[in-house]
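**Student:** In the working numbering, the protein residues as written are 770 to 914.
Calculated from the structure, these hints are not laboratory results.
Check each hint, because a few of them may be wrong.
Distance ranges between label pairs, derived from CB positions [claimed, not checked]:
#, residue 1, residue 2, range
1, A885, T799, 22 to 32 Å
2, F831, A885, 21 to 31 Å
3, R904, A833, 32 to 42 Å
4, E783, R829, 19 to 29 Å
5, T886, I819, 13 to 23 Å
6, N771, S811, 13 to 23 Å
7, Q807, S845, 14 to 24 Å
8, R853, K887, 21 to 31 Å
9, P888, S845, 35 to 45 Å
For each residue, glycine too, the CB sits at the ideal point set by N, CA and C.
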Amino acid sequence: MNLLYWAQWGNWPEVVAAYEPRIRSVAEDTRIMGTYQQQRGSLMTTRFSIRDQASTSRGRQFVAVEFTLGNGMKQSQSYLLVRRGGKWRISNDTFFQAAYRTYMQDVVQTAVAPGATKPAGAALRAAAAAAESLRAAVVAPERDP
770 MNLLYWAQWG NWPEVVAAYE PRIRSVAEDT RIMGTYQQQR GSLMTTRFSI RDQASTSRGR
830 QFVAVEFTLG NGMKQSQSYL LVRRGGKWRI SNDTFFQAAY RTYMQDVVQT AVAPGATKPA
890 GAALRAAAAA AESLRAAVVA PERDP
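Can you build the whole structure from these sequences, using the hints too?
**Tutor:** Here's what the structure looks like:
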């Protein structure tokens, strides 16, 4: 899971390259990068440990990762990897799903109502649409690479 190491150190090209093409086409490389840039502060103080991994019936790898946050709290995140071009790429992960939604809400909020104390409706709609498009890409039927 080099993704988390690269995210801590701000190696954005490697972070983006960790995702499979269809996720990158939906989320867009600059938004993937922006999502991780926004999370970098908390990632810098987080320790990661792989808790479990398993092969799926479709030839993918499931990886369960425990995040130990700087304040000692623990979070469980999961990653689903698929082999593309001889390398393992992320096809789904719970950390990015949540962080991407937050990032998209913040981007729109800053554009339409900076400094507001409540989220703008447009920001909430953008966040929901971003989350839905990512979910749709994850569950869409795959084409052979």
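**Student:** Tell me, which hint numbers fail for this structure?
**Tutor:** 2, 3, 5, 8 and 9
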